[in-house]
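Construct all of the structure, not just a fragment, from the sequences and the given hints.
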Amino acid sequence: MAKYFRSIVSGLAGFIALNIFYSITMRILGGSWYAVISQFEKLWYFMLPLTLGFGIQVGLYAYLKRLVRDKVGKGMVMANTATSTIGMVACCAHHLTDILPFIGLTAFSTLLISYQSPILFLGIFLNIIGIYYSLRKIKQLTKN
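Each residue of the sequence shown is one higher than the one before, starting from 486 at the first, in this note's numbering.
You can trust all of the hints, since none of them are fake.
The following label-pair restraints were derived from C-beta to C-beta distances: (1) Ala498 <-> Ile623: 13 to 23 Å; (2) Lys527 <-> Lys488: 36 to 46 Å; (3) Lys527 <-> Thr627: 40 to 50 Å; (4) Leu626 <-> Ile598: 42 to 52 Å; (5) Ile613 <-> Ile505: 22 to 32 Å.
Please keep in mind that the hints were generated in silico from the structure rather than gathered at the bench. Positions of the beta carbon are idealized from the N, C-alpha and C atoms, including for glycine.
See the structure below:
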């Protein structure tokens, strides 16, 4: 269990960090902590898989890194990390509609609202692919 400790801690840290990022972003855009809680209650079925998937990927990456001493590229996790983060921001991006009309970006705010669910689905799907890829790499590296 000791050999997995750092990976588990890294995964939990990733999960917590993404939730904090979401909460702060939502607090800024939504204007209150009530908005953060309300949005989470409304979209928990998107946000939970996104943040859990992100945490799992971070933990798997930490384990892979330990296995190969940085010979596996960071691009795999970085690409999926960006997608997870974008997905989480998309959860609360519709609150930009409160200010975008004032700065002349009404069309952009409408676009964000229209594609919120597909962006979140894409983030979850890419999380699954990233987890599968990481597990496959771990299997390949531990087979030898």
